[in-house]
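Participant: Letter by letter, the chains look like this.
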Amino acid sequence: MTPTAVVTGIGIAAPNGLGTDEYWRATVAGVNGIARISRFDPSQYPVQLAGEVRNFDPARYLPSRLLPQTDHMTRLALVASDWALADAKLNPAEQPEFGMGVVTASSCGGFEFGQRELENLWARGGQYVSAYQSFAWFYAVNTGQISIRHGMRGPSGVLVTDGAGGLDAVGHARRHIRRGIPVIVTGAADSSLCPWGLVAQLPCGRLSTVTEPDRAYLPFDARATGYVPGEGAAILVLEDAARARERGVAGYGEIAGYAATFDPSPRSGRPPALRRAIELALADAEVGPADIDVVFADGAGDRERDRIEADALCAVFGEAGVPVTVPKTMTGRLYSAAAALDLAAALLAIHHRVIPPTIHVSPAADYRLDLVTGTARSGQIDTVLIVARGHGGFNAAMVVRRHA
Amino acid sequence: MRRRIAITGIGVLAPGGLGTKAFWELLTSGTTATRRISLFDATPFRSQIAAECDFDPVAEGLSAQEIRRMDRAVQFGVVAARQCLADAGLSPGELPPERVGVSVGSAVGATMSLDQEYNVVSDSGRDWLVDHRYASPHLYDYFVPGSFAAEVAWLVGAEGPAAVVSAGCTSGLDAIGYACDLLREGTVDVMIAGATDAPISPITVACFDAIKATSPRNDDPEHASRPFDRTRDGFVLGEGAAMLVLEDLERARRRGAHIYAEIVGFASRCNAYHMTGLRPDGREMAEAIRVALDEARLAPTDVDYINAHGSGTKQNDRHETAAFKRSLGQHAYQVPVSSIKSMIGHSLGAIGAIEVAASALAIEHNVVPPTANLHEADPECDLDYVPLTAREQQVDVVLSVGSGFGGFQSAIVLADPEAKALS
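Chains as they are written, first to last, in my numbering: chain A, 1 to 404; chain B, 1001 to 1423.
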């Protein structure tokens, strides 16, 4: 029989909360983590807001030897993975030699580390480039560092699918669980809130240039102007349910369904593939639309892509057929970590029986969505759909449900 | 019944001659394509050599806008994808879009474009607050190399899952392994899978200089990549791409496609040891090999040829020699082992896919490519590394391995689908 994959541990470093408890309290209360960029002076740039992780002192959590060799986003990933393992009450040292693997997503690697070394290269010369540059910036660094930190010698993987990455990583992690690997640490971390990182994001043309934190990122609102970039990490411990039960851990919920699709070329005239990803994920979970208690939407924050997502949700669930929420209105879009964070929030929603709100948004009626705005909505929540998209056409959908 | 996976199309862009035919001729003649770097002025650097592709995007049919939009690595990937489709007898748009997926490996993404863009927006490193007004309109596509998969998906008309797999120097093997997972679970019927990297830029050369990983044999570049040789002194950077058409074996047979080889096993393991270091006992690579052979339902003695990682660093060569002995036992001493990096350098994430292409061609032609520049083996490397000259022999089963920064160890097994060992 194919093993069931359950999430038994969650570790979060988000703009509106460090650690799962702080993040969840803030998220249920609708606390906004978006503010003017503090890491550098953004005055000269058209985008000045971001969701920055505040009060994060890596030296408090990580050995000093790791600091010179890690980018900010890797430190977030390492700390979140420590927390996730602690939450799962899992001692890596007690696991079989090749029984734990790591699968993460990344969008841009360690961009701030990269900026420093590119500056060294161009301003001073090649001999000033750090000996750590060869791995500190690249996309695979978090998987490598997490595996080293915890002695995880099982299967590994790294996926780059922009904003869909968080779900794609967990979907791939589930494959390893299904073929008999007991534990996979998965999820994503991203941060590119250095000047070079911000400038590299601008040409996608979808960042909001609004400077008021409560008006900048308004998905499914007629006033939508784009999105606000964010940073953070959401790391999950995925485990074979039978083994988790043996050690007395129930877990937050089961990864019941997953699917990914890719949009056709803009020139093809073919319809977007998002709806198909949602339908395939539901089919994979063997549930129908009526079984879904809430949707954690992608919420791109621009009229065109909000329309595509609203149409897909209406096609599957009917008009206002299911509660929909976008808690990333409180954090900005965390690139590959965005969907991993939404997945974590969905599991916490099941656990605490409450749907966190979408803040600041007045839903435009023509989207025909039941958007959970203003305050959190309590109720029995057993099955949740998470939707994620990445620049260029990546779509992913995942169904999680309460583990019996 | 487990789904079987056939390689029905191969597209290779490698140093020393573009296209699969030129690639195989180079490998079997034992000729090296390593030379002094011509892509930029490398004289300030410790290592000034690389294996470069003589690539003209116009001649390869890319439009002016595609050339502007795509980093060199994407250009390689798209051209190789087009070649593998044609080789498989498929044309873009002929496949049902929902049943086709894309998996592209790349270790360092659009690093060449990022390097050049940074030089401009920072005014050669003068301004930390870089000037966005000088940025390319395509900078986001360099920033997130998911764009590599997007370009290939658009070319092919694929609307199944698309992803870039980026596990350092095992990216190419892992991207193909990922594609096999999607095919086996039935999500898709066809995958366009492979890898591309174009890392020959100042920042890459500088970062490998900093850890003395690359060869400084600047006065003798043709002989600089010397895997398993006693006098080796590091790897030689390369570039290139290989893309494959992978499809359900029954589907391939039904449409009468030419089948190069079947992919029968894949596994990856982490060494959890060091970001750039390797445990000398090769334990994790041996485990990846063991699991891949197990998945293939093959015994160690079934392996006819090992396409080695063979990067030409002392650490690697000893590590994988130990891994072969640990996983294959006595058979490790009988089976020929060679490294094509001796001829085409180490193109980071791309090389794994290029090596899978070489492995499929070894089965196709019953020829084992040699390890060039191997005159006197390191005494600690005591296997049959096929020095200098290609060898004609029956090749039914090939094991190809990769090892990368981050501790990644991957192994893939290819077989002739008609081979006795599989029946």
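Think of the hints as simulated: they come from the structure by calculation, not from any bench. Remember, predicted model here, so these are calculated numbers, not experimental data. Note that beta-carbon positions come from the ideal geometry of N, C-alpha and C, so glycine has one too. Treat the hints with care, since some could be wrong.
Ranges between beta-carbon positions, derived for each pair [unchecked claim]:
{"id": "1", "chain 1": "B", "residue 1": "ASP1233", "chain 2": "A", "residue 2": "GLN44", "range": "44 to 50 Å"}
{"id": "2", "chain 1": "A", "residue 1": "ALA290", "chain 2": "B", "residue 2": "TRP1128", "range": "53 to 59 Å"}
{"id": "3", "chain 1": "B", "residue 1": "ASP1233", "chain 2": "A", "residue 2": "ALA59", "range": "58 to 64 Å"}
{"id": "4", "chain 1": "A", "residue 1": "ALA242", "chain 2": "B", "residue 2": "PRO1096", "range": "45 to 51 Å"}
{"id": "5", "chain 1": "B", "residue 1": "GLY1329", "chain 2": "A", "residue 2": "ASP57", "range": "47 to 53 Å"}
{"id": "6", "chain 1": "A", "residue 1": "ASN91", "chain 2": "B", "residue 2": "ALA1059", "range": "54 to 60 Å"}
{"id": "7", "chain 1": "B", "residue 1": "TYR1134", "chain 2": "A", "residue 2": "ALA59", "range": "32 to 38 Å"}
{"id": "8", "chain 1": "B", "residue 1": "ASP1127", "chain 2": "A", "residue 2": "GLU246", "range": "56 to 62 Å"}
{"id": "9", "chain 1": "B", "residue 1": "THR1301", "chain 2": "A", "residue 2": "ARG245", "range": "39 to 45 Å"}
{"id": "10", "chain 1": "B", "residue 1": "PRO1096", "chain 2": "A", "residue 2": "THR211", "range": "45 to 51 Å"}
Participant: Compare the structure with each hint and give your call.
Facilitator: For each hint, the structure was consulted:
In this structure, ASP1233(B) and GLN44(A) meet the distance hint of 44 to 50 Å, their C-beta atoms being roughly 46 Å apart. Between ALA290(A) and TRP1128(B) the CB atoms are about 54 Å apart, so this pair conforms to the stated range of 53 to 59 Å. The hinted window of 58 to 64 Å between ASP1233(B) and ALA59(A) is violated, with their beta carbons roughly 38 Å apart. Between ALA242(A) and PRO1096(B) the Cβ separation comes to about 37 Å, which falls outside the hinted range of 45 to 51 Å.
Remark: the range hint 47 to 53 Å for GLY1329(B) to ASP57(A) is upheld by a beta-carbon distance near 51 Å. A C-beta distance of roughly 59 Å is found between ASN91(A) and ALA1059(B), which places it inside the suggested range of 54 to 60 Å. Taken as a hint, the range 32 to 38 Å holds for the pair TYR1134(B) and ALA59(A), whose Cβ atoms sit roughly 36 Å apart. Checked against the hint of 56 to 62 Å, the pair ASP1127(B) and GLU246(A) passes, with Cβ atoms roughly 57 Å apart.
As the Cβ distance of THR1301(B) to ARG245(A) is approximately 41 Å, the hint placing it in 39 to 45 Å holds. Between PRO1096(B) and THR211(A) the beta carbons are some 47 Å apart, a value that agrees with the proposed interval 45 to 51 Å.
The structure shown violates the earlier hints numbered 3 and 4.
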